[in-house]
Every structure is written in structure tokens, then in C-alpha cells.
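Number of protein chains: 6
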Amino acid sequence: MASLKDFQLMFFLAVFATVAWLATAGDPDILTDFVVPPNSLNSTDGNLFTFTGMRGIFENLPSTFKVTKAAMAEFPVLNGQSVSMAVLQFPTEGLNPPHTHPRSAELLFLIEGCLEVGFVDTTNKLFVQNLQVGDIFVFPKGLVHYQYNADTKIPAIAISAFGSANAGTVSVPLTVFGTGISDGILAKAFKTDVATVQKIKAGLVPKP
Amino acid sequence: MASLKDFQLMFFLAVFATVAWLATAGDPDILTDFVVPPNSLNSTDGNLFTFTGMRGIFENLPSTFKVTKAAMAEFPVLNGQSVSMAVLQFPTEGLNPPHTHPRSAELLFLIEGCLEVGFVDTTNKLFVQNLQVGDIFVFPKGLVHYQYNADTKIPAIAISAFGSANAGTVSVPLTVFGTGISDGILAKAFKTDVATVQKIKAGLVPKP
Amino acid sequence: MASLKDFQLMFFLAVFATVAWLATAGDPDILTDFVVPPNSLNSTDGNLFTFTGMRGIFENLPSTFKVTKAAMAEFPVLNGQSVSMAVLQFPTEGLNPPHTHPRSAELLFLIEGCLEVGFVDTTNKLFVQNLQVGDIFVFPKGLVHYQYNADTKIPAIAISAFGSANAGTVSVPLTVFGTGISDGILAKAFKTDVATVQKIKAGLVPKP
Amino acid sequence: MASLKDFQLMFFLAVFATVAWLATAGDPDILTDFVVPPNSLNSTDGNLFTFTGMRGIFENLPSTFKVTKAAMAEFPVLNGQSVSMAVLQFPTEGLNPPHTHPRSAELLFLIEGCLEVGFVDTTNKLFVQNLQVGDIFVFPKGLVHYQYNADTKIPAIAISAFGSANAGTVSVPLTVFGTGISDGILAKAFKTDVATVQKIKAGLVPKP
Amino acid sequence: MASLKDFQLMFFLAVFATVAWLATAGDPDILTDFVVPPNSLNSTDGNLFTFTGMRGIFENLPSTFKVTKAAMAEFPVLNGQSVSMAVLQFPTEGLNPPHTHPRSAELLFLIEGCLEVGFVDTTNKLFVQNLQVGDIFVFPKGLVHYQYNADTKIPAIAISAFGSANAGTVSVPLTVFGTGISDGILAKAFKTDVATVQKIKAGLVPKP
Amino acid sequence: MASLKDFQLMFFLAVFATVAWLATAGDPDILTDFVVPPNSLNSTDGNLFTFTGMRGIFENLPSTFKVTKAAMAEFPVLNGQSVSMAVLQFPTEGLNPPHTHPRSAELLFLIEGCLEVGFVDTTNKLFVQNLQVGDIFVFPKGLVHYQYNADTKIPAIAISAFGSANAGTVSVPLTVFGTGISDGILAKAFKTDVATVQKIKAGLVPKP
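Protein chains in written order, with our numbering: chain X, 1 to 208; chain D, 1 to 208; chain C, 1 to 208; chain U, 1 to 208; chain W, 1 to 208; chain Y, 1 to 208.
Don't read these hints as lab results, they were simulated from the structure.
Nothing here was measured: the structure is a model prediction, and the numbers come from that model.
One should not assume that every hint holds.
Remember, identical chains collapse to one label, so a pair may be satisfied in a single copy or spanning two.
Quick list of in silico lysine to aspartate or glutamate cross-link-like pairs, DMTMM-like style, CA-CA up to 25 Å [claimed, not checked]:
| hint | residue 1 | residue 2 |
| --- | --- | --- |
| 1 | Lys-66 | Glu-93 |
| 2 | Lys-199 | Asp-183 |
| 3 | Lys-125 | Glu-74 |
| 4 | Lys-191 | Glu-93 |
| 5 | Lys-153 | Glu-59 |
| 6 | Lys-199 | Glu-74 |
| 7 | Lys-153 | Glu-116 |
| 8 | Lys-188 | Asp-151 |
| 9 | Lys-188 | Glu-116 |
| 10 | Lys-153 | Glu-93 |
| 11 | Lys-191 | Asp-151 |
| 12 | Lys-66 | Glu-116 |
| 13 | Lys-188 | Asp-121 |
| 14 | Lys-199 | Glu-93 |
| 15 | Lys-66 | Asp-151 |
| 16 | Lys-153 | Asp-193 |
| 17 | Lys-66 | Glu-112 |
| 18 | Lys-188 | Glu-93 |
| 19 | Lys-199 | Glu-59 |
| 20 | Lys-199 | Asp-121 |
| 21 | Lys-66 | Asp-45 |
Let the sequences and hints guide you as you build the complete structure.
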């Protein structure tokens, strides 16, 4: 569910895109040292380049899988720097379901616990690996991948790096079964019946 | 002074350049007019720039959805030209199931029949449109999309353009349910039970 | 001569450049899924991604060569997607005179008739090919090329793809002989006399 | 219609562009400091990075226009550095005929004499300028341009910079009239008769 | 027709491609899902995408500042993925001296201890910040920066992300005073005397 | 599993990489011919593309090293053209102290006098060369370099080209010793004492 903050950001980005097509800025090198976001003009000092939104993040263990991003939306001065990060927290049996990042590869550094990771290339070959603490795994750009903490006792924590200030995320289950694509099309696509599609859809829709 | 390690790296990179898929190094402008594939050196004439693999394609109607590509694999001189094409043929009720192209947007030109098209953006918003002959639709880069010919009498044909010589395709049903990702992970991801996952998997696996 | 529509576009582009220099953004990946043009906010739905300007195009045969584009000017949401298309219609003996596209290669798909195509590389080598229906030909980026329907009975139609949202077109005859470059310079450049230059100029200027 | 808020944002963006030069196109990088050409491995020292082919160039005045390049073909270590240079020498009434560079803009610095320069944009507008010593003129990427030393007594010399290691050159007269494009097609393209085309062709072909 | 010179260039470029470091051609998107390093062909499985060189890294505290990289040299499959990582370990009063990365910005995530960080932009403005655990700081691309653990009791550890598979490092003290630039030039550059330069040089040279 | 076709393609691509013109980095494009700066709208003619700020520059010899730029700040229409120039003037014993350009390589053309040039790569190897009139030297992107006119009688003049409209400059002495980095950190970085750091700082600070 989109939070109030999400809507504020969405509104900001909509206005942003509306007037000046600013998104066209792309992800290449910029022609200045950095790009000062508009509401930071009065304080172009070290604070501008500091993101504090991760403070204390390792002190709390979420009850389900949780991703916390430091990308352009949360940390606007990343615009034009072609890099961002995220913290991934997996409670026991926590799963980051199959998804893609349309604008970057992901480099995942496991700093706590164990993690099963996997991705599928465009020839439909699955690559799976069981990571231990200290391992780094790369998910190539644009490919479907997932991470799963199969352990029943120890949580897992990873820090991910992306080669874009806004890698974006396409969650496969929600994108396909949670957005209103018709039951008939999905049944045909997954070569199953409408009842099965409806069952999956029901499970993915948040209860009121 | 270059250390032993440096020389090892230099050697590695030299071998690397010699053997690996380096032609694939990127999709930017090239530094020559075009790149001659190695087995074409004896005939660098107009034939090199001509792809004949689509001849007669409109004369046969496939019984299921069929895509025919003119991309770098089929038409090697496209390397470095940042463009490719495909013909999409939909019999009645033919479906191109949800998929993404990791390396390019798609611009679809409907030249015969009607077509329902849709894509989902990274905020999980679904965009659907019913196209008629002559309409052009753009599927933004990296997003999940599908096309469906709902008509029961008239086939549909589209010509698609891509801004990459090798856009790549990730088919969601096959990638997720046809590549060996474990039943338990998929059940968790789609918030359903293992039996449902197994049922979908069975439908997607080709019968012997 | 610039039409009213041209001036509207020029004005639009001037304002565009004036306010944010954003046209400079280039043709790389964007940092959002897509860029919403400013006047489209009230209808960010499937219509935004649909271009209907080609409807009925195959029903009329123009009396001279005609190109109809679906590029950023006509279809603004292409901004940042690095792809565009055009329909080329050739009546019998119709010619698309020598020209270049400064910002993209062109991939031409012949869907009706026959077509002679040619381009010249930077070593001044001419590549000519006679295409039949279904053939695809690539004109490498930035090189001078032409297409000619030599047939005296059957028109030709092609659909072209470009790896840029705004490939641009430089028509050689008009650029060189229709823009006011002095007769003396042109005579010197083409190693001919001023009378010949003036004769060509006169032919290219539209009669009142 | 733009709302008040839109104008506020537009104003903001104008300031933004002024203050931070909003993030325009960038130059792609190589993944090493430089690329050593294969036959230079035994002498990776300062000589590798030095091009001596221009020595003494200013001591001789050619009798016709002459361009001397320092680009990737002559100076291989430029590979991956995205920059090259050329010296242009114009005797009195010397002309560099209309041409384009498919892979870069050109920045021309006039260091001796006077020079008339001109280019035509994709709307067929001609821009002409008379340069004096010390002036710098930019020919935008991919557009047709020429330079002419109209002076009858003083030669002109210019140094040009290109934002590519291999900008390439397409000479319009030679490309169009010197490469075998058929007389009929050229007559049609230039809206003249075959005799005129043949006359121009004869002038451009070097005599045996 | 290709001249002898053309063939020489073609031959040169062919050899060039064979031997030189062309893998390093750039950091753009690749045209395949990933690039398999040559010596890994027999085992294209999950191991190829896993870097184990960081295992146990947090168990040992180095006595001086130490950086451990996971970039293209150590983890070759990163080639073409435009991302890399590093672990920075600072004992008490440990310093990463002023340096630049020629090919990427750096995003530093402090996971243990405190850290003073600073960089200087191209207008010679210094930005300094004192980070606490959980803070993320961005060093814009190509600018001189440093990190210092001023604490006398607690070590500091950071994980850095880079938007290039091979960001590169230019250490200012070693580059300037440790590579043989003449004493006179350095004295002039730093507006000091030769004795001071020699003193600094002596301190930077490792004792035998 | 890779099919026979896959292996054929792999083999083809391997050969391809070995033989073909390996098509390295390119230059990104803008989506218009050029970008008109906002305050130039009333005069979009040849003047817009002309920079006159260098007129008369060769008539005066500065008493200390002086760089005069024609980059995006001075010549705004360069925005998006990926190229800029500068004139470097060295009186006898004039020095351009060690510096880097974060956004471009530099190609230096010596047009008067002699010049010692040097740069240091990321393996800390120094490359030095003594240039004579007519020599061109390339300083690879992002590396520290300097130029020095050792001659005691003849000044030197060079014209430099950059593959970016705004290459930027980071002067090492000023950046490190002239921006307020603490004495203690600098002493530690340069492995010297605080007194030496303060002495250098004092020399670099302009006297009131």
C-alpha cells in the first residue's frame, strides 16, 4: 500500500515530469559535479550528501521481508550519480518474491545469516546459489530474481548496490496478479483455469 | 611499476578480449560506420545489410501466437546500430503472455486486426488499450506487458520496433513457473499453496 | 517552407529549450518508467501510450513519395524510450531523395511492392540492393541513403524503425541547394559552374 | 493551460538550470585508464600518448584545401577517450565542401586568416558566419556544414576538436555524385535533367 | 572501393580487437544478459555470479586502513553490469587519504563506528560530514575525497557501492609525491621549496 | 540447457569478438540539433554558434600560466555537443600544476614552444614526455596530469580539446591544501608533520 509519503512523492514526481519532462535527464554522467535538489538550496553543505534514513535499521527485525532504499526518491542528490543502495531484511523463512529492476543490475552483499538466491536468464535457465555471510552475488540487469532465507532460526540481512540512481522494481506476483489483468488472459498465459487465477488473485489482494 | 598481479590482470583481459563475447559489449554508437560480421568479409555488399528471413511471412497464419525476430542473432550487421524489429502474428484469441524486454522499449504497429495491449508500471498501475489497425502503442522499457487478440474471427498482425539490436525477452510464466524455482518459494511468493503451484507448473511444461 | 504546424512545433520546442534546456537530456535510459508530457496529466491512461495518427494510412496512395512519422514530435511519450517509427509510401517511380538521419540508424521493412535502396559509407563506397516484399534493410547511422520504387505499375510501402525517439532528417538536395548557400560556393564544391547551380536551385524551389 | 503552480515550477526549473546546469548528456567511459594498441606493448611510455604527425604542418601551405587528422586511425591510443583533433588549411579561396560528421559535433578554432562558415539544421535553416582570427564556431552533430576562405590574399588555418575518437566524414558532393548512384535517381532527387547530373559527375571524377 | 589504406586500417583494427583490452570498451548496457569470462565456460552456474572473497572479512581488524574490493578484476562477471562494491576498514585514527575514482561516484554506508568524510568540488569548496552508524554519504564522481576515523577507541567499517564495474582509484599523495614527478615541478606546484617536497617524498616511499 | 543453435551463436560471437571491428565507446546524442540557451532566443543566427572570447588572445603573453576556456559556461550552445576547447599559455618556466578533469580526456596540441607533460595512471605509473611544436598529447580521462614549460627563453602555447562540454578541473594543490581539510588529516595522508602541512598551506593561500 502506498503511504502518505509515497503519495507526496508521487505528486512531486508527477509535477516534476509534467512541466519539464525532467525524467529525460537519464542516468549518464552529469555535466556538473552534482545536482542540487530544489528544496536544499539554502543548505548546500555536507548534510545534502548524507542520507540518515537507515539509522537504527539493524536494531529492529521486521516480521516479514522488508526492503529499505537509499535511491533518488529518498536521497535526491543521487540524481546523476548513477548509484544507489538498499538494505534487505529477511526474518526466518522470509522471501523477497520474484522481481526485476528495469534500470540496473543488483549486487547483493550478505552481512548476516544465510540466503538462497536465484535468477533466470533470457534463455530460461535458472541460476541458484546458497550464500553465506560475506558472499556477494550479482543479479544481471533486467532479469527476474528472488532471495529466500530458508533458515528457521536465524534472520538474514543484505546490503545491495545498484548502478542507477533509480533502479526501479517490478514485483512479478503483484504486477501480474494484482493489477487487474483479466482472469481470462492470465488463465491463458499460465495455461491454467480461471478458478486458479482467481484463487491466486484473492491471496495477493490485501484484506480490508 | 606494474606488479605481477597487474600483469596477470593484463593477461587475463587480453585473453578475455580474444575469447569472450565482446562484440556484445554495449549498445552505444559504434566508432565505425558498421561492424562487418567475420564470415561476411568476402561479400561486403548490399546483401550484408539485407535480412530476407521475413519473406513470405504474411502468407501463412500460425495456429498459435508467433513472434519472428530480426535482431542481432538473426541479422548480425545490426550490431552497433541500436535498432531491431519483429513480426507478431496472433490467430484468433491468440495471446503473447506477460513478458519484459530487459534492454529496450517496444513500439508496436498494428497492421491487421484488433489487439488488446497492456502493461504495468513500477507503481503497479495497469495500462490497457484496445488497438485498431494503424494504431501504434509503446511499451516502456523493462516493464511487464502482454498483447491479446480477443477477436474470434479475425487474426491480428503487428510489426514491432526496438531501440536495441538485442532487446531480449523474459517470459513471465516460463521464467517463473517453468525453470525449476522450488514449489515452496513460489507458493510463498504468490501467497497460495504448493498444489496450485504444481498445477500451474504442470500446465506450462510441454508434454512429451 | 515551414508550415503553420512547423511553426507551432518550433515555438513549442523553443519554449521547451528556454525553460529547462531539457532537450539536452539525450537519448539514454530515463530514470522513470516513462515521461508524461505536460498536457496529458488528466488522462494518464492507455491513450497516452497510443498513437492514432497512422489510422487509415494504407487506404490512400499519395501521388508523390510521402513519409509519415511517429516520433517524439507527433507522439510525445516516446521521449526517453529511444525508439520511433515511420511509414514510407512510394507511388510508382517514387523517390525518397538522398538524406541522412543524424541521430539513428534506420531499419526498413518492405511490406508492399519492390524497392531499390542504397547508402554510401564514409569511404565513399555505394551499397545498393533491390528489395522484395518482406525484406528488411539497415541504413547505418549518419550515412547518406535513398530509396526508389523503380516499378512503373506497383506502389511500394515500407515501415521503418529508428533507435532514437527523434532521429531527425537532413535532405541532401534541399539542405545543399534549397537553403541559401551561395552559388559560388556550391559551384566550387560540386566542381561545376554557377549556371548549373542556379538551374538546380530553381528546380528545387517550389513555384508560387 | 499552464497553472500558476506550473509557472512557479517553470521558474524554479529555469533557476535550477542556471544554478546547476541540469544534468545533460555525458560522455561514456572506458573501464581502464586507457587502451594500449597491440603493437605498442613493448613501449608503454610517454611516446604511446604522443602524436607527432602534425610536426611542421604550419610550415607548408597546401595549394588546395587540406585536412590533417589526429583521430583513432592515426593515433590509436585515442580509442575510448572520446576526443580527436584536425588541422584545416585553406589557401586563398579554398573550400571545404559541404559534409557531415556522423559521430560528433565539430568545434573549429580559427588561428589564421578569415573564414566563412555555415551549416544547415534539420528544419533546413542555414546559419552562416564570417569568422576572424581567434573565433570558435560549433557545427552541431550530424548536420551538413562547409567552410570557405573568401579572401584572395591571406590563407586561413583552423584547428578543430571533435567529441569522438572517430567522428567520420561524409562529403556531400563525392557521396552523392561520385559513388555510382544512377543518373536517373539523381536527376529526380535534384529535380533536374540527366545531362546536368552527368555534367556534375564528370567534374567530380578525377581525370586519369 | 576500399583502398589499400582501408584494408590496412581494417587489418589493424582486426588485430586490435583480437589483442587489446577491448573488454574495457565501456560501461554501458551490454547486449547479452551477462558476459561469461573465458575460463568459466565449463561452469556457467550460480558460482559464476558469486564472489566469496569477502568471507570472514569482518572477523579481522586490520592495523591500518584497508580497502577490499569486489570489482571487475576480482569478480569478472561484473563486466557490463555497471556496479561494484568495496569494504573499507578503519582502525582507530585510520585514514583513507585524499583520492578520486575516475569512473564512478561512491556511495558509502557506515555500518560500524563513526567516520569523518569530506570531498572538494570543482569550485574548491570543501564538504565535510561526521557520519554515525547507518548513515550513507555520496562522493560525487571524479572529485577528491577522504575518510577518517577520528575515534581513538572504536574502529569503523563501511560498505561502498560504485556505479561502475571498475571505478578505479587515484591516490593523491602517492600519485603526486610517489611517482617521480620532479622535485622542482612539485615545489612550484605547491608553492613551496624543494626541501619540503623531498621531505614529503621520503615519508611516502616505503622503507626497504 | 543451451541448444545447438545457442552454441552456434556462442561460437559465432566468440569469432566475432576476435575478428570484427570491435566497436567501442560512443558519444551520446541530444534529441534536437542543438539547444538554444534561454537568453539567446532573439538571435538564433550564426552568432549563437560563435565564441569570440578568444579574439586577440595570442597577442598578449601572461606573466604566469593562464588557461582560457571555451566550454559550456562561456559558450552555452555547447550544451549537448560533447566537446569544448581551451587555450593554455605558458610563460617561460610556467607551470600548470597537477590536476584532473573529472568528465573528459584532454587532447593537447602544442602550437608554440616546448612543453614537458606528464600524467599518472591508476597503477601509479608516471608517463612523461617532452613535446615540440606540432605534437599532440592525450591525457586519459580522470587521471592526474601537469604541463611545464622548462624553457627559460621561449613561451609555450597549446590548444586543448575535451570530449565533454564541461570537463571540469580539480587542481590538486588547491583542492588538497587550499580548502580547509584539517592539518592533522593532511599530515597523516602525506606522512609528514603538521608544520610541513601548515607551511604548504601558507604558500598556497593568496596574501591579502
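Structure-based check of all given hints:
no., hint, in the structure
1, Lys-66 x Glu-93, "within (13 Å within a copy, 35 Å between copies)"
2, Lys-199 x Asp-183, "both (10 Å within a copy, 17 Å between copies)"
3, Lys-125 x Glu-74, "between (35 Å within a copy, 21 Å between copies)"
4, Lys-191 x Glu-93, "between (29 Å within a copy, 14 Å between copies)"
5, Lys-153 x Glu-59, "both (17 Å within a copy, 22 Å between copies)"
6, Lys-199 x Glu-74, "neither (36 Å within a copy, 41 Å between copies)"
7, Lys-153 x Glu-116, "within (15 Å within a copy, 37 Å between copies)"
8, Lys-188 x Asp-151, "between (36 Å within a copy, 15 Å between copies)"
9, Lys-188 x Glu-116, "between (31 Å within a copy, 14 Å between copies)"
10, Lys-153 x Glu-93, "within (9 Å within a copy, 38 Å between copies)"
11, Lys-191 x Asp-151, "between (33 Å within a copy, 19 Å between copies)"
12, Lys-66 x Glu-116, "within (16 Å within a copy, 29 Å between copies)"
13, Lys-188 x Asp-121, "both (23 Å within a copy, 22 Å between copies)"
14, Lys-199 x Glu-93, "both (23 Å within a copy, 23 Å between copies)"
15, Lys-66 x Asp-151, "within (16 Å within a copy, 32 Å between copies)"
16, Lys-153 x Asp-193, "between (38 Å within a copy, 23 Å between copies)"
17, Lys-66 x Glu-112, "both (15 Å within a copy, 21 Å between copies)"
18, Lys-188 x Glu-93, "between (31 Å within a copy, 10 Å between copies)"
19, Lys-199 x Glu-59, "neither (37 Å within a copy, 41 Å between copies)"
20, Lys-199 x Asp-121, "between (28 Å within a copy, 23 Å between copies)"
21, Lys-66 x Asp-45, "neither (31 Å within a copy, 28 Å between copies)"
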